[in-house]
Structure formats: C-alpha cells, structure tokens
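There are 2 protein chains.
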Amino acid sequence: MDESIDDSHRRGLLSHGLSVIPANALGLDPMNRIYPFEEVSRFDLSTDVLVAGFGGAGASAALEARRAGAEVVVLERASDGGGSTMMSACEMYLGGSGGTRLQRDLGFSDSTRNFFDYLMACFGHHADEARVRVFAEGAAEHFDWAEGLGVKYKRGFFPGRDVVALTGDSLQYTGNEKAYPFSERCTPVPRGHLPADSGHKGGVTLMTTLMKRVEEAGADIRCDARMVGLIQDADGRVHGGVVRIGEDELFIEALRGVVLCMGGFIMNEAMTRRHIPHVESFCTRHGNPYDLGDGILMGVAAGGHAIHMGEAFISIAHYPPESLTFGIFVNDKGQRFVNEDAYLARIGHYASVQPGGRIFMFIDDAHFARPRYVLNTEIVGTGDTVTEVEREAGLPDGALQSTVALYNEHAAHGSDPLFHKAPQWLTPLDQPPYALVSYELDKIVPAAFTLGGLDTLPTGEVVTPDQKAIPGLYAAGRTAAGIPRTSKGYASGMSVADATFFGRLAGKSAANRGRETA
Amino acid sequence: MDESIDDSHRRGLLSHGLSVIPANALGLDPMNRIYPFEEVSRFDLSTDVLVAGFGGAGASAALEARRAGAEVVVLERASDGGGSTMMSACEMYLGGSGGTRLQRDLGFSDSTRNFFDYLMACFGHHADEARVRVFAEGAAEHFDWAEGLGVKYKRGFFPGRDVVALTGDSLQYTGNEKAYPFSERCTPVPRGHLPADSGHKGGVTLMTTLMKRVEEAGADIRCDARMVGLIQDADGRVHGGVVRIGEDELFIEALRGVVLCMGGFIMNEAMTRRHIPHVESFCTRHGNPYDLGDGILMGVAAGGHAIHMGEAFISIAHYPPESLTFGIFVNDKGQRFVNEDAYLARIGHYASVQPGGRIFMFIDDAHFARPRYVLNTEIVGTGDTVTEVEREAGLPDGALQSTVALYNEHAAHGSDPLFHKAPQWLTPLDQPPYALVSYELDKIVPAAFTLGGLDTLPTGEVVTPDQKAIPGLYAAGRTAAGIPRTSKGYASGMSVADATFFGRLAGKSAANRGRETA
Numbered sequence: 003m004d005e006s007i008d009d010s011h012r013r014g015l016l017s018h019g020l021s022v023i024p025a026n027a028l029g030l031d032p033m034n035r036i037y038p039f040e041e042v043s044r045f046d047l048s049t050d051v052l053v054a055g056f057g058g059a060g061a062s063a064a065l066e067a068r069r070a071g072a073e074v075v076v077l078e079r080a081s082d083g084g085g086s087t088m089m090s091a092c093e094m095y096l097g098g099s100g101g102t103r104l105q106r107d108l109g110f111s112d113s114t115r116n117f118f119d120y121l122m123a124c125f126g127h128h129a130d131e132a133r134v135r136v137f138a139e140g141a142a143e144h145f146d147w148a149e150g151l152g153v154k155y156k157r158g159f160f161p162g163r164d165v166v167a168l169t170g171d172s173l174q175y176t177g178n179e180k181a182y183p184f185s186e187r188c189t190p191v192p193r194g195h196l197p198a199d200s201g202h203k204g205g206v207t208l209m210t211t212l213m214k215r216v217e218e219a220g221a222d223i224r225c226d227a228r229m230v231g232l233i234q235d236a237d238g239r240v241h242g243g244v245v246r247i248g249e250d251e252l253f254i255e256a257l258r259g260v261v262l263c264m265g266g267f268i269m270n271e272a273m274t275r276r277h278i279p280h281v282e283s284f285c286t287r288h289g290n291p292y293d294l295g296d297g298i299l300m301g302v303a304a305g306g307h308a309i310h311m312g313e314a315f316i317s318i319a320h321y322p323p324e325s326l327t328f329g330i331f332v333n334d335k336g337q338r339f340v341n342e343d344a345y346l347a348r349i350g351h352y353a354s355v356q357p358g359g360r361i362f363m364f365i366d367d368a369h370f371a372r373p374r375y376v377l378n379t380e381i382v383g384t385g386d387t388v389t390e391v392e393r394e395a396g397l398p399d400g401a402l403q404s405t406v407a408l409y410n411e412h413a414a415h416g417s418d419p420l421f422h423k424a425p426q427w428l429t430p431l432d433q434p435p436y437a438l439v440s441y442e443l444d445k446i447v448p449a450a451f452t453l454g455g456l457d458t459l460p461t462g463e464v465v466t467p468d469q470k471a472i473p474g475l476y477a478a479g480r481t482a483a484g485i486p487r488t489s490k491g492y493a494s495g496m497s498v499a500d501a502t503f504f505g506r507l508a509g510k511s512a513a514n515r516g517r518e519t520a
Numbered sequence: 003m004d005e006s007i008d009d010s011h012r013r014g015l016l017s018h019g020l021s022v023i024p025a026n027a028l029g030l031d032p033m034n035r036i037y038p039f040e041e042v043s044r045f046d047l048s049t050d051v052l053v054a055g056f057g058g059a060g061a062s063a064a065l066e067a068r069r070a071g072a073e074v075v076v077l078e079r080a081s082d083g084g085g086s087t088m089m090s091a092c093e094m095y096l097g098g099s100g101g102t103r104l105q106r107d108l109g110f111s112d113s114t115r116n117f118f119d120y121l122m123a124c125f126g127h128h129a130d131e132a133r134v135r136v137f138a139e140g141a142a143e144h145f146d147w148a149e150g151l152g153v154k155y156k157r158g159f160f161p162g163r164d165v166v167a168l169t170g171d172s173l174q175y176t177g178n179e180k181a182y183p184f185s186e187r188c189t190p191v192p193r194g195h196l197p198a199d200s201g202h203k204g205g206v207t208l209m210t211t212l213m214k215r216v217e218e219a220g221a222d223i224r225c226d227a228r229m230v231g232l233i234q235d236a237d238g239r240v241h242g243g244v245v246r247i248g249e250d251e252l253f254i255e256a257l258r259g260v261v262l263c264m265g266g267f268i269m270n271e272a273m274t275r276r277h278i279p280h281v282e283s284f285c286t287r288h289g290n291p292y293d294l295g296d297g298i299l300m301g302v303a304a305g306g307h308a309i310h311m312g313e314a315f316i317s318i319a320h321y322p323p324e325s326l327t328f329g330i331f332v333n334d335k336g337q338r339f340v341n342e343d344a345y346l347a348r349i350g351h352y353a354s355v356q357p358g359g360r361i362f363m364f365i366d367d368a369h370f371a372r373p374r375y376v377l378n379t380e381i382v383g384t385g386d387t388v389t390e391v392e393r394e395a396g397l398p399d400g401a402l403q404s405t406v407a408l409y410n411e412h413a414a415h416g417s418d419p420l421f422h423k424a425p426q427w428l429t430p431l432d433q434p435p436y437a438l439v440s441y442e443l444d445k446i447v448p449a450a451f452t453l454g455g456l457d458t459l460p461t462g463e464v465v466t467p468d469q470k471a472i473p474g475l476y477a478a479g480r481t482a483a484g485i486p487r488t489s490k491g492y493a494s495g496m497s498v499a500d501a502t503f504f505g506r507l508a509g510k511s512a513a514n515r516g517r518e519t520a
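Residue numbers (our numbering), protein chains in the order written: chain A, 3 to 520; chain B, 3 to 520.
Take the hints with a grain of salt, since some may be wrong.
The list cannot tell twin chains apart, which means a pair is met if one copy fits it or any two copies do.
[Stated by the list, open to error] Once the Cα atoms are required to be at most 25 angstroms apart in a straight line, the calculated SDA-like pairs of lysine to any residue come out as:
(1) K470 to R275
(2) K180 to V355
(3) K445 to V355
(4) K180 to G140
(5) K156 to A424
Calculated directly from the structure, the hints in this document are not laboratory data.
Generate coordinates for the entire structure from the input sequences, incorporating the hints supplied.
Shown next as structure tokens:
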C-alpha cells in the first residue's frame with residue numbers, strides 16, 4: 003500500500019486533469035455520484051480494501067480484512083470513529099450453537115435451531131432466511147471474537163425486566179423471548195450480551211477496544227474524511243472511492259473491494275419524509291449526525307437495491323420499573339392492542355398503527371410508578387372508579403370500563419385470552435385510585451431509527467434488484483438491510499450484533515475476493 | 003421524425019459496432035441498464051418525446067405531447083395498449099374549481115379548497131402537497147379533457163354504496179367523503195366519475211377512445227416493443243431509450259424527453275418480497291402482467307429515487323350490499339378496528355395491521371347478506387346469542403360479547419363514540435340469529451397493488467434523492483409515486499385520475515422542455 007500520499011495530487015478533482023464529471027454537474031449531492039473508472043488516469047492511494055465508515059460495522063470489517071491479510075484504508079467522516087454503535091449500550095443479541103460461552107457459563111443452553119426459529123418468528127415475512135441462518139450458525143463464535151478483542155463480559159445474569167442491566171451483569175433477556183407468541187414457538191433464552199460493568203456506556207467500552215484493535219492491526223485510518231463517490235467501471239465493477247478531506251478530493255483505489263458502513267438515514271429529513279413519513283411525524287431521531295443515508299444512495303447509484311425502506315425501530319420503553327408491565331396499554335377507544343410484556347419496539351410498532359397515535363396506560367395504585375425512560379408521560383385521568391378515570395380522560399362512555407372489566411375477569415384466573423400476557427404479569431387492576439397515563443406519540447416522541455438499506459448477500463456483497471452481486475461492492479450495518487427488518491420483532495442488541503457480525507463477513511469477503519480472482 | 007427504419011440497422015445491439023456494454027455484462031436484467039450516450043454512434047430512430055408504456059398514463063402523455071406539437075413514439079411491451087387502466091372501471095376521482103362539469107350538472111359544488119383539504123386529510127404525512135395542489139386546481143379541467151376525447155359521462159348520480167355504479171350513472175361517492183374523520187374536516191362531495199353505461203368495463207370505454215385519439219394525433223405507436231434501457235450522458239441528461247422488438251434492439255433518440263409509464267411492480271415477486279412482504283403474504287396481485295417495476299428500476303438506475311415503496315392498496319370490499327355496512331368488523335380479540343362505512347381500501351389498511359390478520363364481521367339477521375365481491379367468506383359462528391357465536395368461533399370468552407354490548411348501547415342512541423360510523427349505518431345488532439363471518443386475509447386474499455414509485459415533480463420530471471430534476475426524464479402512472487400514497491386514504495378513481503392527469507402533464511412538460519432549451 004502506498005502509505006505516503008503525493009501532496010501535489012491532493013489539490014482535488016480538477017488537478018487530475020481528468021474528464022471526470024464534476025460532482026455537481028447535475029446539481030447532485032456529490033455523494034451520490036459514480037465516477038467512471040475508465041476516466042481515472044491515476045489514483046492518489048491504492049489499497050486492497052477500502053472501508054467507508056468507522057462505526058461498529060466498519061471497524062469490524064476493517065479488522066477482519068486486515069486479519070485476512072489485506073491492506074485496509076478506513077474512512078470516517080467524523081473527527082473520530084465510533085458511529086452510532088459507540089452511542090449505544092453495545093448489547094449484542096447472540097445465541098445458538100448450544101449457547102455462547104457466556105450463556106453456557108451461566109447455565110443457559112440455546113440450540114442453533116431454537117435461535118434460528120426465534121429470529122424467523124420475529125421477522126416473519128420480512129426475514130431474510132439465508133442471512134438469519136448464517137447468523138444463527140455463527141453468532142456464538144462471534145461472542146468469542148468480541149471477548150477475544152479484550153472486551154470483558156461479566157459472568158452474571160440479570161433476571162429483571164430492564165432495557166439495559168445496570169448491575170454490571172452481562173447477560174439478560176432483551177427481546178420478546180418470554181412473550182407471546184414467541185414463547186409458544188421457541189424456548190426462551192436470554193441473549194443480550196452486554197459489556198461488563200458498562201450499563202448504557204457499553205458502546206464506549208466495546209468501540210474503544212475494537213478501534214484500538216483495528217489500529218494495532220495496521221489499518222490506515224483517516225478521520226474527517228468523507229466518502230463522496232464510488233469509482234465503477236462500465237461492467238459494473240467497483241474499483242475504489244472518491245474521498246473528500248478538507249478541500250481536497252482523493253481517488254483511492256480498492257483492489258479487492260469497497261465496504262460501505264456509513265450508517266442508516268434517520269438524520270436525512272428528505273429521506274425520512276419519503277420513506278417513513280408517519281414515524282417521522284412523531285419520533286425523536288436516534289443516531290449519530292452522519293446517519294444521512296449517503297452510503298445507501300451511493301450503493302443504489304452503483305446498481306444496488308434499497309429495500310424495506312419504510313421500516314423503522316420505534317421505542318416505547320414503559321419499563322422499568324417492571325411493575326408497569328402489570329398495567330394495560332389502551333388506544334383512544336379504550337382498547338388494548340399489545341401484550342404489555344412485549345419488548346419496547348414491539349409495543350412501539352403496535353402503538354404506531356393505532357389510529358391517531360393516542361395511547362395510554364391504565365394502572366392501579368398497587369402497580370403505579372413513573373417510567374424511568376419515558377420522561378414526558380402525563381396523567382390524564384384519575385379516580386376511585388374506572389368510570390371516573392374514563393370520564394376525566396374523555397374516553398368514550400363505557401369503553402375503558404368494558405376493557406378493564408374483561409381484563410380483570412380473566413386476570414383473576416391468571417389468563418389473558420386476548421393478548422396472552424404471561425401469567426407473571428397478570429393480576430386484576432382493582433386497587434384504587436386508578437390512573438390513565440398518556441403515552442401519546444407526539445407527546446412522548448419515542449426514539450426511532452431506520453431499518454431499511456441495501457440488499458446484500460450474507461457475505462456483504464451488494465446486489466442488484468435481480469440479485470446479482472456488484473463486483474467489489476459490499477455493505478454492512480444500517481447501510482444494509484440486516485437481521486432486524488421490522489420493529490415488531492426487534493430486540494435490544496440486534497443492531498450491534500448484526501453490524502459487527504456482518505461487518506466482519508463483509509471485510510473477510512472483500513479481502514478474499516481479491517485473492518480468488520487474482 | 004424518421005418514420006422509416008432502415009432495416010439493416012434492426013439487427014440488434016452488436017450490429018451498431020458500438021462499445022456499448024452488452025446488457026447482460028453484469029448479469030443484470032437488461033432493463034436496469036443505462037447506455038452511455040457518448041458511446042452511441044447513431045440512432046435507429048429519432049423523435050421528440052419517447053413514451054414507454056401505452057396504458058392510461060402513457061396514452062395521456064403521448065396525446066398531450068402530440069398536441070403540444072412534438073413528434074412522439076410510444077412503446078408498449080404487450081401486443082396492444084391499455085395497461086392496468088384498461089382492466090379497471092376507469093373511474094376518475096375529480097373535483098375542485100367549484101365542481102367538475104359533471105358535478106355541477108348534477109347539482110354538486112366542490113371548491114378547490116375543499117378538494118385539496120380532503121386529499122391532504124387522506125394522505126396526511128404521506129401527502130405530496132405540491133402535487134395535491136396542482137391536481138386539486140386542475141382536476142375539473144381534466145374532466146373536460148376526458149369528455150372532450152369523446153368519452154361519454156351520463157348525467158346521473160348514483161346515491162348507493164357500491165364499488166362501481168352498475169346503473170349506468172356516471173357520478174358516485176367512491177371514497178371516505180362521508181366517513182369519519184373526513185366528514186368532519188371537509189364537505190362530502192361525490193367525486194367518482196365513471197364512463198356512462200360501462201359498469202366495470204369503463205376501462206375499455208375510456209382506453210379505447212383515448213388510444214384512438216393518440217393514433218389520430220399521429221403518434222408512432224409500437225407494440226410488442228419492450229423498453230430495456232435509457233440512454234444517458236455523463237452529465238445525467240437522458241437522450242433516449244433502447245428498445246427490444248423481437249430479436250432486435252433499437253436505439254431511439256428522444257430530443258425532448260423520455261416519459262416512463264410502465265406501471266407499478268405488483269407482478270414482480272422479487273420486489274414485492276422486499277418492499278411489501280406482509281401484503282404479499284396474503285394478497286391477490288392486481289394489475290397487468292407487465293406491472294414488473296422495470297420503469298421504476300430504470301428510473302433509479304438513471305439517478306431517480308424510488309419512494310413509499312412499502313405502501314400498497316389493499317381492498318376489502320364487504321359492500322355491496324350496503325346492508326353489510328350495519329355490521330361490525332372485529333379482530334380475533336373481538337375488538338372493532340375501523341368505522342365500517344369507510345372505503346374498502348381504508349378497511350383493508352386497518353385489517354392488514356391487526357395482529358395475525360384474522361378479521362371477522364359480526365352481523366344480525368336483519369342485516370345479513372353475502373358480500374357481492376368477496377366471494378370466499380365463511381360463517382365461523384352462529385347462534386341466538388352473542389355468547390353462542392363467540393364460543394362457536396373460538397373467540398376469547400366475553401370479548402365479542404363486551405364489544406357488541408358496548409356497540410349496541412351506543413347505537414341505540416345513534417352514536418358510535420369509538421369509531422364514529424355515521425348514524426345512517428347505526429342500529430343495535432339485536433335481531434337473532436347472529437353470525438360471525440370470516441374475512442381472514444389469507445382466506446379472502448384481497449386484491450392489492452403497489453403505490454410506491456419514482457419521486458417526481460408535479461410536472462413529471464424524475465428527481466434525484468436531493469430533489470434535482472434529471473434532464474429529459476419523466477414518469478407518470480404507478481411508475482411514479484402519485485397522489486394516492488397509502489391505502490388508508492385511497493378512493494376508487496384516484497389511480498386513473500392520477501395516471502391520466504399527471505401523464506398529460508409529463509407529456510406536455512417533455513414536449514415543452516425541448517422548446518425552452520432549443
């Protein structure tokens with residue numbers, strides 16, 4: 003790899019004396035452009051694998067490509083790496099192979115089949131079966147990889163219902179494993195793997211370590227470096243990228259492949275308005291400022307296919323405290339719409355499809371509490387009878403009363419024939435005073451991020467709408483459509499597990515493609 | 003325009019001696035390819051405006067381009083024109099400007115503001131306000147255009163609740179105008195404009211006439227001619243298309259513009275699986291066999307942006323007979339989920355988001371009937387009491403009983419505080435025997451078609467993800483994202499009105515672009 007860049011060639015595009023289209027010839031945002039390989043007379047830099055983005059996916063891709071013996075250049079638009087993974091708790095949703103080392107050490111077993119079945123149940127018609135299979139088979143090894151980086155995982159199981167264990171323990175339930183209908187189809191196993199003693203800061207723990215390993219492995223990491231275009235030949239093969247560093251534009255050759263790990267598009271208002279307008283209307287955008295969708299658009303410009311673009315993760319974390327799971331969610335018709343022991347993103351999904359988005363929690367004095375994470379709930383009705391609450395909240399006469407009566411009648415027998423909340427959370431709500439707490443979406447503004455992205459093979463190869471791989475082009479993380487494809491089946495840890503697992507695969511594939519064809 | 007094609011040049015791509023990439027170099031479906039203008043040494047045919055697709059949108063575009071003085075070539079992949087518009091009743095959803103000529107002749111007035119407000123209410127966050135405005139302002143004139151073609155519209159108003167008037171009358175309510183919440187926001191006006199005496203065959207009536215006018219206007223119409231690629235230069239400007247006729251590939255130059263009117267993608271299984279997997283899982287694909295999405299993919303390959311790709315029209319036409327509107331729809335928890343006087347696509351939308359898709363209609367003997375259009379409903383419970391019905395159908399104990407009790411209590415006072423069904427359809431369901439009729443989605447397999455497509459300006463110009471027009475490229479009909487963008491707000495007649503209205507605008511824009519820049 004040419005480690006030193008000839009500064010006389012850093013003066014930007016025009017200094018090349020090429021007939022390359024000025025990026026803004028069409029008035030296009032330059033990041034969407036494809037530069038014709040045939041018109042590139044020389045490169046500023048040449049490497050085997052060019053990784054765009056130094057978040058969870060990009061760092062994993064870079065490390066594995068280096069380990070496979072490839073020269074690697076990593077580009078990061080921000081002043082330092084980390085991406086949205088760094089901002090997360092860095093929980094990883096892993097299992098299978100009889101159990102990860104952590105699951106087994108804590109006495110849990112988890113067959114690959116059980117893990118596969120669970121993921122397929124989660125994503126149903128949206129699931130990419132080939133991808134789910136590769137993930138279910140490889141996830142346990144992926145835990146060893148993460149631990150092998152030097153990330154510590156504490157052999158402690160947190161049994162509570164919380165978004166992230168704050169006890170320092172590393173294993174917990176983070177999805178719908180124990181909730182209907184999943185509990186009936188698969189054996190519930192905890193699969194949330196959290197860096198030790200990190201709580202919400204697991205992203206810092208994991209990414210700091212991972213980025214250090216990438217550096218040690220000898221990748222050439224360049225921050226404040228924005229990928230603005232792909233270099234593609236007339237046959238469709240991708241040969242590299244154009245990078246803007248300061249005022250300069252550099253042409254970087256990637257002999258084996260380019261891996262796009264540039265995040266999702268939740269921060270791109272023009273895109274969210276056209277792909278998730280309904281979610282955009284009430285959500286808080288959750289991600290890093292560069293989740294602008296440029297990786298997705300660049301991949302599409304190269305012939306890729308952006309899929310599931312209307313899907314988004316939507317969070318309604320009414321727990322902890324877990325006592326709130328005893329409450330019931332109702333819409334503005336007083337009807338329940340979900341089993342309240344479901345994971346926060348499943349609740350978010352069903353809340354988002356209620357007409358008008360006006361949702362509430364009804365709860366009695368025995369279980370009332372303020373949710374820890376939803377800070378802007380408001381009590382819209384109280385009373386010693388359900389009738390009083392219903393009236394104060396302005397719900398239709400009799401609607402809440404009939405819902406609560408039916409719920410209590412069954413709960414007294416430990417059953418919930420409508421939504422099948424687990425018996426552990428069932429008890430009649432009959433201890434006055436009662437409260438109705440508003441979780442109206444435009445008031446609580448739940449966090450959301452996008453799940454749609456480039457269609458890829460499990461190896462990370464970006465494919466066209468008719469499933470042909472574009473030679474030399476890979477994607478991972480939320481630039482690609484990954485394992486989680488609808489909020490309905492999401493679990494904490496799926497994004498980071500998916501980004502790092504398939505980031506690694508993409509990095510390896512890119513590194514090996516060069517070899518196979520050399 | 004070169005009317006005669008030199009046959010020696012019809013031998014296909016290779017006969018050109020060009021370095022143009024063979025369409026399948028990448029293993030790509032050739033329809034996704036972009037051919038570099040710079041490498042085209044000569045064209046087989048030259049015209050001003052090239053229209054791909056001879057359905058409602060394409061025929062309208064062709065006619066208006068001819069009327070604006072442009073030479074026009076129209077390509078149709080099938081052996082004759084008509085497209086999906088031909089298969090429809092050809093109702094057009096029109097209003098505004100104080101009323102169309104038909105509305106006014108029948109005593110209805112409809113302000114542009116009222117029409118605009120209604121459409122904006124229908125599509126909410128999904129609405130493209132600029133497009134809605136242009137449509138609301140121009141729709142009344144569009145009726146005159148249609149009538150001016152020679153299509154007869156009978157001065158008769160059909161007051162019933164039916165999908166298509168079978169009385170021969172030409173005006174009827176076809177959407178949610180009289181249903182909540184629309185009835186509270188806008189003055190209800192009938193806007194379904196149906197060719198006279200045509201019933202379900204209005205598409206034949208209108209398209210036969212329209213296609214004849216296109217022919218008379220002197221457009222060069224070529225059937226069995228498949229558009230396989232766009233010819234685009236390095237600056238992004240589109241110069242024409244590559245067309246496959248038999249074994250030959252012809253290069254057609256379009257001096258002013260190419261208009262893509264190639265339908266939606268409901269017949270493309272690879273695309274529906276990735277964009278509307280949930281809908282695909284239960285629907286009947288509704289469209290013509292060439293609704294394969296190739297126009298959308300071609301536009302994206304040229305730099306366009308496919309938007310709202312996850313949205314689809316879903317039809318649950320439980321009426322007529324209209325007496326069924328007195329019944330109540332419930333999900334498998336016995337809960338209502340929609341006002342039953344809503345339009346069939348709104349009912350389809352809310353049915354599709356019920357967990358499990360198991361929906362039913364509860365009805366009493368006074369209102370029972372078999373729906374005319376949903377042929378495969380099944381009675382899953384009957385009885386002289388609601389309890390008996392509930393048990394026979396296997397619904398949760400008490401769930402249907404409590405729903406019916408609450409409904410009847412309010413209906414006795416002419417109100418429906420939960421879903422606001424209009425008083426005209428409200429009466430207690432208390433005449434035994436009762437029935438529960440299954441409308442389970444995977445059993446009734448409702449018709450669906452796609453609503454997503456290329457992002458365009460109201461003029462039809464295809465735009466990039468950052469809203470820059472691609473010079474020379476236009477789209478209309480379901481190749482573009484149009485007025486209707488979610489099933490929730492759809493009304494019969496919106497697709498044909500949108501396709502023909504915006505097809506005309508695209509044809510005019512393309513014809514005039516040449517002039518402006520000449």
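Hint-by-hint comparison with the structure:
no., hint, result
1, K470 to R275, "between (30 angstroms within a copy, 16 angstroms between copies)"
2, K180 to V355, "both (23 angstroms within a copy, 23 angstroms between copies)"
3, K445 to V355, "both (16 angstroms within a copy, 23 angstroms between copies)"
4, K180 to G140, "within (23 angstroms within a copy, 56 angstroms between copies)"
5, K156 to A424, "neither (29 angstroms within a copy, 61 angstroms between copies)"
Violated hint for the displayed structure: number 5, the only one.
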